[in-house]
Structure formats: structure tokens, C-alpha cells
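Protein chains: 2
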Amino acid sequence: MTETKTLLDLEIDHSALAEPETLEIVADAARVVLKEGDATSLRSFFDTQEPADVAEILEALDEDEALAAMRMLDLREQAKIFGYLDARYQIELSDLMGRRDFARLMAAMSHDERVDLYKRLDPAAQEAILPGLAKAERDDLRKLASYAEGTAGAIMTSDYATLTPDMTAKEAIEALRAQALDAETVYQAYIVDDERRLVGVVSLRDLIVARANVRVRTLMDTNPVSVGADEPREEAAQIISRYDLIALPVINGGEKLVGIVTQDDAMDVQEEEATTDFLKSGMVSALKTGMREAGIYTLYRARIVWLVLLVFGNIFSGAGIAYFEDTIAAHLALLFFLPLLIASGGNAGAQSATLMVRALATGDVRMGDWASVLGREFATALLLGVTMAVAVSAIGVLRGGPAIAVVVALSMIAIVIVGSMIGMSLPFLLSKLKMDPATASAPLVTSIADVAGVLIYFAIATQILVMMDA
Amino acid sequence: MTETKTLLDLEIDHSALAEPETLEIVADAARVVLKEGDATSLRSFFDTQEPADVAEILEALDEDEALAAMRMLDLREQAKIFGYLDARYQIELSDLMGRRDFARLMAAMSHDERVDLYKRLDPAAQEAILPGLAKAERDDLRKLASYAEGTAGAIMTSDYATLTPDMTAKEAIEALRAQALDAETVYQAYIVDDERRLVGVVSLRDLIVARANVRVRTLMDTNPVSVGADEPREEAAQIISRYDLIALPVINGGEKLVGIVTQDDAMDVQEEEATTDFLKSGMVSALKTGMREAGIYTLYRARIVWLVLLVFGNIFSGAGIAYFEDTIAAHLALLFFLPLLIASGGNAGAQSATLMVRALATGDVRMGDWASVLGREFATALLLGVTMAVAVSAIGVLRGGPAIAVVVALSMIAIVIVGSMIGMSLPFLLSKLKMDPATASAPLVTSIADVAGVLIYFAIATQILVMMDA
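Which chain is which? The protein sequence lines are D and G, in order.
Quick note: the first sequence uses my numbering, first residue 8, plus one each step.
Quick note: the second sequence uses my numbering, first residue 8, plus one each step.
For the record, the hints were derived by calculation from the structure and aren't laboratory data.
Only true hints are included.
Using C-beta positions, here's what the derived DEER-type ranges look like:
1. I471(G) x I471(D): 31 to 37 Å
2. A23(G) x I303(D): 46 to 52 Å
3. E31(G) x D333(D): 55 to 61 Å
4. A326(D) x A23(G): 49 to 55 Å
5. A114(G) x R78(D): 51 to 57 Å
6. D228(G) x F385(D): 53 to 59 Å
7. L316(G) x L103(D): 51 to 57 Å
8. A293(G) x E332(D): 43 to 49 Å
9. A185(D) x M442(G): 50 to 56 Å
Note that the Cβ used here is the ideal one computed from N, Cα and C, for glycine as well.
Chain D with its partners taken away, still in its complex shape (with noise of 0.2 Å):
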């Protein structure tokens, strides 16, 4: 049998983390030194550990085990971990909590990380905090609080670090050293007027290579980009993504400054914005928890809605085939082209709506150019519908004969051309009903060509296959 390692004499890689295995090794040497109360060995392993790491140490322990290690730390070393703590765990800790260790908790966190965390609160536990905490924190969380979801006012925090304009370049860095612990960044300093109105921006590296007496008001870059409050907040990432920048003022309707958002907030609101188009592409409803910890109800629900739906919008392409029901009777070798028929408007359908939905949400596309990429997906619709009526044609003549062949490839054409036009057009429509065109996924369009290419198919075979045996 191994030996126990005790936690110190563990060199664990940051990636390292990630396997279980090297976790489980890693909680129980945390279990060791927690049961000797050993908080020296604790805090040095910590210490070498980034906050996010810590945080998934933590949730292989049991929450009394968290806890006990959360309080053998200081209280900001505290905060920060558990700002990267799952949102669940982190009510399952501040139950266990007292009340009065939880508000000392919440003060210490970032602003918007914390503000977070209230609103996940359910209204008791709410209320209850909301005495433990000074004036001013409790003013600062209802007011982030008050900012409606998926706006940049709700992802915003508003611990800036501030600077006046008759401040020296020395006199700035001094006020910047400290309001260091307490800003979530020190890197862009904001400069308002006595209405808090923003003036400026001047970032720390334009401070430390000027002249230590050269004024703010000289360095500071008076026209500063800065998002509304009340905008969306994809529309704050992508600023920060089209300009560089490490953090992003917020302003309210007058001109106020009431926070900023950073470049690591950013980043998240990307990479969900990014999964939810993603899942709505497939027809999943955005999941609230990720896909490891969604229970078997909450995926049902995410996905019965399009798929009923879905069917009821299918029932037209039966009542289409029921409509022809004469003609695939006295050539029943029709059947075997329909799959292949009505699945490639889908798919060239499901195509053009991915290319619009993506185009569209990046701003590669805008509104006012619908005509022009129309004109050229009728254009690149042809070729590609030429191209496979060419690749079907050859089975059409072995499968069902010339006459038949002629039907497929004609049809091949039509479908593929009406496919792509549905699936251009959906996304713009969408958005101009002011929907998400992401809605246009692949299934829904495939599901609307589907009658098309029904319908296209066994009119163009009844025409030319009653011609030709009259």
C-alpha cells in the first residue's frame, strides 16, 4: 500500500487538477491536515495554488470540510475563492455559515461577484444578510441588483478606482497604490467630474511612463469608449473585443459613471453567448447549470417543446405526401428518391441559416446587405444544386429510368435553390421581428424545406411522368 503524500510534499500541476484521480489525491491530503488543524501546511499549499484551484479543491470536500478550510484562511484570500466556487455550493456554504461570518463574507468580495451571489439568494436569505452589511454595501448590492439580466449594467461591478484631474502623475499612482486592494482593476483609472459624469480614462502604463508632474488631465484620454447601462451585454464584449480593452466604462441615461466591465467578464459573457446559440442551433433551450449537472427533468423540458413542434410542422409534409398519394402509387419508385430528395434542401437549408445566424450575430452581416447576400446564395445555391442533381442522376437512371432521372435531378435543383432561399432568409426575418435569429437553427429550417422539397418533388413528378403517359 502508498503512503498518504501529505499535501506539502505535493507538486501539483494547474492542469493537473483537472483529472479526478490527482483531485481525490489532493482532497485527502487536505482532509489529513484538516483534521490536525494544521492551518500553516493549509494556507502554504494555498498559497502556491491559483483561487480558481482552490475553489474545485474545496468542492471535493464536503462542505463542513470547505468550510473549515475556508476559515484557516484570511478573510480576502476567502472572498476571492469563493467567487469561483459553483453557484450551488456556494449557498450550500453560506447555509452552513453564520449569518454574521456570511455578511463579513460578502463585504469582502468583489462587487459584482457578490452582487451575483444575492441575487441567487432565495428573498429570506436575502433579507436576513442585508442587516450585517454597512450602508454603503447594501446601497452598492441593491443598486447592481436593480440591473436587468443580460444587460451590461447586470454584469458590470463598481469597484473602479477613480482619479481627479489635478492630480500629478505621482499623486495618481499614490491614490491608485491605495485603492489597490479593493479595485477590481488599477490598470484603467476613470476620472469624473463632481456630478460623477466620466471625463476620462488614463491606464496605469501611461502614468508610470510620464513625467511624475505632469497632470491626469494631460495624460487621460478624454474621449473614452463606454457602454449604456441598460445595454446588452454581448454588446459590452464586443466592444471590449473590437477595442482591446481591459476594462469598459458603463454609463448610465446621464452620462454617469456607475461601473465597468472587464475584459475577464467579457470573456464569459462570450463563451456563453457562444453556448447558447449553440444549443439553440440544435433546438436545446439554454441550460441554467451545465450539461454534467442537469437533471433528467431539466433536459426534458429544454427539448420536448421544438420537438412537438417539430412534428406538428412535419404533419405537412405528410398531408403532402397523402396529397400524391396517386402518383407514388403508380410509381412507387418515386419512394425511393424522397429521403435523398427532401434531406438535401434540409441540409443545404441548415447550411445557409448557419452561415446568416453567425454572420449576423458577429456583425460580419448587417440588415441593410440582405438583397446582396441573397442574390449571391441564389447564386451559390444553383451551383450547388446543379452539382448534386449531376450526382444523382446516374442513380436516378439505374434506380427508376430516364423519365424518373429527369424528375430527381429537376427536382434536386428546385429543392436545393428554395432550401438555401429559407434558410437565407429565415434569420433576417427573425431579426426583423426583433427575434433571435439564432432561432433558425438547422432542425427548424430542415423542417420547413422538408414540405417544400415534398411538395416541389411530386408536383414535378406528376407533371412530367402524367405528360409523358398520356
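Use these hints to put chain G onto chain D, whose structure you have.
Showing chain G alone in chain D's frame:
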């Protein structure tokens, strides 16, 4: 007619440049200033604008106008703006510039942007530019260009700030001040030993907070997070996102520091990867340019291969139908439900695949979770299938009588379960085969599920209806 506003009269909000009309007005005003050779006005106006916006304005001008405007700015400003220009526009301008001017510009660019540009030049232009650069820059360019596309090495920059462990905080700030003009960031500084092995990282925040005579050695994080130069670039982006880093050090096989990846580059990677995955989900190959710039042939190529492949996949569905021709001929009412049943299996499968692909991409689900995820998926699919069966059985009775209703309901349950299992397993399988799980897109899963759906439906129908007829 309205008078043309002069450039300095324009008060342009950053977001306003997204409007083509505003951009045109600014471009017109810039042309006037250029014609008059009024460098002062141009510089003053550009001073109030972000480099990304100036690049957009230049792109709205003709190449020779843009070049004339660039020449009115100082070299450092030129280099910054040039980095924001479209790849194609960069090449066009570089062709217009003299070889010496272009070499000077490249020398002033940030190291990661100039290697990106260098890699886009044709071999002759690459050769032509090298003699104009200093030896250190040539070596840097060749070294950075040597990393394979898609690796952390290929997106890193080599202009990072370094310190030595024996410096005091005050000396370190002085040292960073001296490096501030050339380094990509001074907010993280790297401490390397004599062999350039990374021994620590310190933030400017910690340096300004510390007392002036404290040594870097005691302030630095001696176990910094890093990434290998040959690791995938998504890995680097994920680490930056997980640990909320401003910059991530990149090391080579010998643990030597070779560069850093900054947060803004990580955001770009994240967005590009999300776009690629999204396009894959719709069976579109990644486009090198944006949708708006892509020509018809580019779009055709990005789509035709999958379309044709899927056609041949659907031949199996057709063959399945042909195989059951007798059953169908005897019960044409079955055809009404064909599109509906097939589509349901495909849709359920597309949903499962979408969930899995994204969960694998974000690391939410790992390969080892396969069995537990599949178990839960089976339960979810059973619930979904039963709900759908209930939804369609009423139509079954109406359109085909009770026997058909039973066939349709049983088929629905079986098809939704099989479709979901296919959709869930395919991404895992692809991942196991070292292929990108995102290849398991909605259209591919739909096509596979279609074949299964046809076989299941008509097999059940044949069994039950033949039994009833007997």
C-alpha cells in the same frame, strides 16, 4: 444641399462608425483634409479615435488615400492602426509602400501582429522584407513564424516585459517604465533565470502596492500558470478564461519562456473557435474570410462536400423504403407518418449531439463521463419518446385507424431513443478517434438517424400489420 462638415467639426461616437452612412461622412471629410495636406487636423481627429476605428475609416478610403493618411501619422501610431486593418487591406497597402517604409513599419508593429502579417505575405514579399529588418527582428520573426497554426506558439507575442528577482519593487517599476513602449503589456512581468527558464511572475499591481525596497523575489508568484508552445491555442484561451489572467506565459519543451498570450488574443481565439464550431454544426467548412467578403465559389466549396456525402447517406434510407415496398403498397396510409417519424428521430438526435458537442468543447463533460451521460440520455429520450408518441397517436387513429396508431406510437418511442443515442454517442466516438466532436453536427446525425428511422418504422409496421392481417 448640405455642406460637407470639416473633419474636426464631426463629433463621432465610437459606435456610430458602425453605420455605413456615418463612416462615409467621416471618409469624405478625411478626403478633404488629405487633399489640403492638412496633417494637423487629421492627427487631431485621429487622436480622439481608437486605433480600431481609425483602421475602419482608412478601409473606407482608397488605398492611395489611406497610405497618404498613414504617412501623416507617427510611426508608432501607424503600426498600431495597421494591426487593426483587414488582412487583405494590409497586403494591398504593403504592396503600395516602398520596401523600406514597409520594413520600418513592421519593425514598429507588435511582434504577434507582425508575424501574422509576415505569414500572409507571399514568399517573394517575405524574402524582400527581411533585409530591411535588424537581425534581432529577423530572428524573432522567423522563430514566431515557425510554430504550427493553431498552437499557442502561433498566437503568442515575444514582446513581454522581464525583471530579475533581485530588483527592488522601485527598481522593477523603473525597469517596466523603460520597457513600456515596446512591451505588449507591463501589467504582468516575467522573471527568468540565466537560461531563460520562467521562475516567477509578478503583477504591476503588486509592485506598486509593495514597499519600495521589497525584492521582486519575495513578491513574485513562483508557481505561475503557463502553457506549452505546442499546445492547442484553445487550451491557452481556456486557461486565461479559467484563471482570469491578463496574460499567460508560453514555454517551450525546455521550460524556457518563449512568449505570452494576452487576454485580448484569447478573446479572438474564443470567438473564432465558436464560429468554427457553429459553422461545423451546420455542415459548413470554416471560411477564412467573413461571410460578406466570401465569393460564390468559396461558399460553394465550403458546402458541396458535405451535401454530396449526405446524399449518398440518404440512399440507404431510400433503399430501406424500397425494401419495404410491399408493406407500403398494402398500407399507403403509412406514408403520411413517414416524414414526421423520421424527422423526430433526426431532431432528437440533433439535440443530443448539440448538447454533447458543446459540453465536450467547454470541458463540462469529459470522456470518462460517457456511461453516466448515456444512461441519463436514455431516460430523457424515453420520456421524450413517450410524450411524442402520445402527441401523434391521436392523429394516427384519425388518419389510419387504431392499428396504424399503435405502429406509429411504438415507432416514435423507438426512433426517438435510437436517434438520441446516436446523437449522444457520435461526438464521444469522434473524440475517441481524435477527430473533432463538432463534426457530429445536426445534419450528419439527422442523416444517420433517418436511415434508422425508416428501418424501425417499416419493420414495426410489417410485424404488426402482417400479424393483424393473419
